[in-house]
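Number of protein chains: 2
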Amino acid sequence: MPESTKFLLPEDAIPTHWINLVPDLPGEPLPPLSPRTGQPAGPDDLTPIFPMGLIAQEVSPEPEIPIPDPVREAYKLWRPTPLFRAHRLERALGTKARIFYKYEGVSPAGSHKPNTAIPQAYENAQAGIRKLATETGAGQWGSSLAFACSLFGLECEVFMVGSSYDQKPYRRSMMETWGASVHRSPSDRTEAGRSQAEHDTGSLGIAISEAVEVAAQDPSCNYALGSVLNHVLLHQTVIGQEAIAQLEEADARPDVIIGCVGGGSNFAGLVFPFLRRGDDVKIVAAEPAACPTLTRGVYSYDYGDTVGMTPLMPMYTLGHDFVPPPVHAGGLRYHGDAPMVCALVRAGRIEARAYKQNETFEAAVRFARAEGIIPAPEPAHAIRAVIEEASDGEEKTILFGLCGHGHFDLAAYDAYLAGRLEDPEFSEADLDAALARLPEAPAIA
Amino acid sequence: MPESTKFLLPEDAIPTHWINLVPDLPGEPLPPLSPRTGQPAGPDDLTPIFPMGLIAQEVSPEPEIPIPDPVREAYKLWRPTPLFRAHRLERALGTKARIFYKYEGVSPAGSHKPNTAIPQAYENAQAGIRKLATETGAGQWGSSLAFACSLFGLECEVFMVGSSYDQKPYRRSMMETWGASVHRSPSDRTEAGRSQAEHDTGSLGIAISEAVEVAAQDPSCNYALGSVLNHVLLHQTVIGQEAIAQLEEADARPDVIIGCVGGGSNFAGLVFPFLRRGDDVKIVAAEPAACPTLTRGVYSYDYGDTVGMTPLMPMYTLGHDFVPPPVHAGGLRYHGDAPMVCALVRAGRIEARAYKQNETFEAAVRFARAEGIIPAPEPAHAIRAVIEEASDGEEKTILFGLCGHGHFDLAAYDAYLAGRLEDPEFSEADLDAALARLPEAPAIA
Numbered sequence: 001m002p003e004s005t006k007f008l009l010p011e012d013a014i015p016t017h018w019i020n021l022v023p024d025l026p027g028e029p030l031p032p033l034s035p036r037t038g039q040p041a042g043p044d045d046l047t048p049i050f051p052m053g054l055i056a057q058e059v060s061p062e063p064e065i066p067i068p069d070p071v072r073e074a075y076k077l078w079r080p081t082p083l084f085r086a087h088r089l090e091r092a093l094g095t096k097a098r099i100f101y102k103y104e105g106v107s108p109a110g111s112h113k114p115n116t117a118i119p120q121a122y123e124n125a126q127a128g129i130r131k132l133a134t135e136t137g138a139g140q141w142g143s144s145l146a147f148a149c150s151l152f153g154l155e156c157e158v159f160m161v162g163s164s165y166d167q168k169p170y171r172r173s174m175m176e177t178w179g180a181s182v183h184r185s186p187s188d189r190t191e192a193g194r195s196q197a198e199h200d201t202g203s204l205g206i207a208i209s210e211a212v213e214v215a216a217q218d219p220s221c222n223y224a225l226g227s228v229l230n231h232v233l234l235h236q237t238v239i240g241q242e243a244i245a246q247l248e249e250a251d252a253r254p255d256v257i258i259g260c261v262g263g264g265s266n267f268a269g270l271v272f273p274f275l276r277r278g279d280d281v282k283i284v285a286a287e288p289a290a291c292p293t294l295t296r297g298v299y300s301y302d303y304g305d306t307v308g309m310t311p312l313m314p315m316y317t318l319g320h321d322f323v324p325p326p327v328h329a330g331g332l333r334y335h336g337d338a339p340m341v342c343a344l345v346r347a348g349r350i351e352a353r354a355y356k357q358n359e360t361f362e363a364a365v366r367f368a369r370a371e372g373i374i375p376a377p378e379p380a381h382a383i384r385a386v387i388e389e390a391s392d393g394e395e396k397t398i399l400f401g402l403c404g405h406g407h408f409d410l411a412a413y414d415a416y417l418a419g420r421l422e423d424p425e426f427s428e429a430d431l432d433a434a435l436a437r438l439p440e441a442p443a444i445a
Numbered sequence: 001m002p003e004s005t006k007f008l009l010p011e012d013a014i015p016t017h018w019i020n021l022v023p024d025l026p027g028e029p030l031p032p033l034s035p036r037t038g039q040p041a042g043p044d045d046l047t048p049i050f051p052m053g054l055i056a057q058e059v060s061p062e063p064e065i066p067i068p069d070p071v072r073e074a075y076k077l078w079r080p081t082p083l084f085r086a087h088r089l090e091r092a093l094g095t096k097a098r099i100f101y102k103y104e105g106v107s108p109a110g111s112h113k114p115n116t117a118i119p120q121a122y123e124n125a126q127a128g129i130r131k132l133a134t135e136t137g138a139g140q141w142g143s144s145l146a147f148a149c150s151l152f153g154l155e156c157e158v159f160m161v162g163s164s165y166d167q168k169p170y171r172r173s174m175m176e177t178w179g180a181s182v183h184r185s186p187s188d189r190t191e192a193g194r195s196q197a198e199h200d201t202g203s204l205g206i207a208i209s210e211a212v213e214v215a216a217q218d219p220s221c222n223y224a225l226g227s228v229l230n231h232v233l234l235h236q237t238v239i240g241q242e243a244i245a246q247l248e249e250a251d252a253r254p255d256v257i258i259g260c261v262g263g264g265s266n267f268a269g270l271v272f273p274f275l276r277r278g279d280d281v282k283i284v285a286a287e288p289a290a291c292p293t294l295t296r297g298v299y300s301y302d303y304g305d306t307v308g309m310t311p312l313m314p315m316y317t318l319g320h321d322f323v324p325p326p327v328h329a330g331g332l333r334y335h336g337d338a339p340m341v342c343a344l345v346r347a348g349r350i351e352a353r354a355y356k357q358n359e360t361f362e363a364a365v366r367f368a369r370a371e372g373i374i375p376a377p378e379p380a381h382a383i384r385a386v387i388e389e390a391s392d393g394e395e396k397t398i399l400f401g402l403c404g405h406g407h408f409d410l411a412a413y414d415a416y417l418a419g420r421l422e423d424p425e426f427s428e429a430d431l432d433a434a435l436a437r438l439p440e441a442p443a444i445a
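Chains A and B are the protein sequences, given in the same order.
So the first sequence is numbered by our numbering: it starts at 1 and just counts up by one.
So the second sequence is numbered by our numbering: it starts at 1 and just counts up by one.
Not one of these hints is a red herring.
Part of the chain A face toward chain B, derived, beta carbon under 10 Å: (1) 74; (2) 78; (3) 177; (4) 178; (5) 179; (6) 371.
The set of hints was computed from the structure by calculation and includes no laboratory data.
Glycine included, C-beta positions come from ideal geometry on N, C-alpha and C.
Bound conformation, chain A alone (with noise of 0.2 Å):
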C-alpha cells in the first residue's frame, strides 16, 4: 500500500499545555488602552464580563498554561484531530509538493471554535457563573458556544446578526438542539438592541452591544468572544502542537505553513506551536479581497468593536465601523485582526495574501472532487494559497489549516456552481472615511 493518507493520535496526545507565544513576540508587547480613561487597560476593566480564570490567562507571561483536565476530557470527544496528506489534490495538480492538513472540522460544531468554547465555558462554570451570552454571525462561533455549554451545565445566550439569522436558520437550529436560547438582534431584550431597531439586518457589532450589556448587567452571566483576544488564541494552539506530532509521525517539517485570518484564532492556533519552536519555516495568511486586513489596512489602535465599547487594541484595522462588503465567508469579515497575529505580521514574519471570493471558490471545489472533504469558505481562502505555492514547480512541504466543514454554506456553492457569486470590491471611499474615524490614541512606533 501507498504511504498514509491519515495520521492519528492516540486521546493520551492531546496536549497537556497551551502554548503562550506573548513572550516570543519581538519587542515590549503594547498595552490594550481603556476605551474610557486612554489609558492601559488592567485585569480589573474586564472582569465584569470575564472570570479570573481567562482573564490570568489573558494577561499570563508564561511561556506555557496547563490544561485543565475536565478541558482535556471534554476535547476528547473529537480530538486529536486527524492530519491528512493530500495525495489526491496533489495529483490532481500534478504538483512536486507534498501536501498536509490539519482537519478542525470533525468536532461536533464542525470547526476549530469549540478548543476555546471548551475552556472558556470550563472557566465560566468553576467561578460559579450561571449563564454565558455571545454574539455569533454566520453561526459558528454561537453553535460552538452552545454545544460547549451543554457539556458544562450552562446557560447560552446568543445573539445572532439578523440577517444571518434570517438566512441561515440551520445554525440557530443547531444552537438550540444543544439548548441555547437565540435572539434575533437587533432585539428588544437589550437597550443596545432597542436603540438600533432600525437597522432590522443587524451587525456584527450590535449583537456584540447586546451580549456583552446582557452580561454587564447580569452578576450570574458572563460574556464569551469566540477570536481575536490573547487567551483565545491561547486555547487554540492544540491545533499546532498536535500537526508537530503528526508531522513527525510523517517524517515532514513544513516549508510553508498556510492559514485563513478573520479574527486570527486558527491561524494563530496553527502556526504559533511551529515559531515556539523556532522552526525556519515561511507563514502565509490568508483574507479575503473584499475585507484585507492585514493587506491593506493601517497598524494603529483601534476599538475590537463597532460601537467602541471595547479596550482599543493595537492591530491591523479598517476602522472600527467599516463595514466589509458582503462575502460568504462570514468568519473573515473582521475590520481588525488579533494583536498577536498582527504584531507578528508586522515584524515582517508572517506574509499576507488577499484572494477574490470566486478563486477561492473554485480552490474549494478543485479541493472537493479531490479529497471528498466540502471545506467552508473561510479556508478556502487558505486552499486558494495552497494551490498557488504548490504550483512553482518546486519540492517542497505545504501544510495548511482546514478549520471547518461547508454544510451549512452549500448555498454559497450553489451561487458558485451557477455563475451567480460576486467578486465584491471594498470602497476606497469607505475605506478613507473609516480610518479618518480612528480613535485618538498613541501613535505605534
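Mind docking chain B on chain A? Use the hints.
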C-alpha cells in the same frame, strides 16, 4: 485520566475482506425471481445495469470477499471510523450499562453510504463504464455516489425525489459540488418520468424507474443501488469488523447490538461480523412506527421498487406500492427490507421494534446534549432503543450504530423543539389494500 472516550485504529486496520453472511444464513437461500418469468433470476437478468464484478459479489457463496486495493485506498479518506464510549450519555441516563457507538458520520458525505458507493464506482470504472445513474430520496445515497464517482472519474446522474429536491436544496448542492448532475424527478429526461408528470412531488419508485431507464438504454451507463441487495450489505461489513477490533481494545464484548433499519445495509454492516464470529448477543432492529416493515409487514416475495421493474425478493413487505406517511427519517421509508436481514428476523435471530417520530427526536436531542454529535433522524431510532435497553437497571454492554450526522436535517430538529413535529400513523386500510396487491409468487414456508 478516566477511561478512553474514542477507540481509533490505524489505516492498515481497514479490513482486507468483506464478510458475506450468505453461507451462515438459516436454511437454503431463497432466490430472487425474474419479474417477467417468475422463475429464479440469474446473473444475466442483471447485466444490463450492473457490472459483472458486482454481480459476482451479489451471488457469491464465498464467506469472504477480498477488498480491492484501490477501494481500501479510497476508504482511507475517512476509515477506520471511530468507536466512542458514551461516557456522558451514560452519566446523563444514570445507567449501569456501558454504551459504545460506531460513528459513520465522519465520511465526507456524512453517513455509511460511501462504504458501498466507493466499491460500486470502482467496479463500474474497471468495467469501462463511463457514467452511473441512481435515484435518491433525502439525498444521502445520491451524495455518496456523487462523491465516489468524483474519485474514480465517472459521471454521475441523480434523479432526486421532487419533494426532497424542493425541500433539501443543500443535498443537491453537495452532489453538484462533487460534479454530479441532479434532476428533479419526475423529469422530462425519461419516458418513466414523462408518464408520471402528474405526480409532481415524485416518489422513490418513480426516481428508481428513471435511473434504471437511463442505465438500460445507454451501454456506457450503469445503475447503482444504495441498500437492500446482497453486495451492498457485503460492502458495509467494514463497519462491524472495525467495531470488533475496537471493542477488543476497549476490553468489551457487546451483550446487545442495536441499529436502525430502512433497507438494512447499515444495520447488516454493523451486525453481520458479530454473527459470523458466533457471538451470543441480543440484536435489535429499530424502525419507524410510520413504516413498520419488520414489525407489521408480511414475509413474502415482492418487488423491490414501486412500479414492479426489479426482481421479486423474499422479504418483510408492506406492499411494493404502499406509500409510508412522511417522516423525517427518509432513509427508513422503504416498503421492504434486505432479504438477508429479513431471513434473520424470520428465524428469530433479530428482534425488531418500532418507534414514533417524537420519541426518536427526544432521544436524539438527549444524545446531542450529552455527546455533542447531532444524529441523523435515522439513527435516532437506534438511540431510542439504546435508552430503553439502558434503563432496566442491569449491567450490560450495548453497541449501537450511529450511521450519520444530522447536519442536513436541522429543519426536523427545529420542528421537534418547537413542538410542531407530528407522529404520523400509517393507515391500516392502506396496508391491507397494498398487501392485496402483492404479486403472485410462490408462498414462503
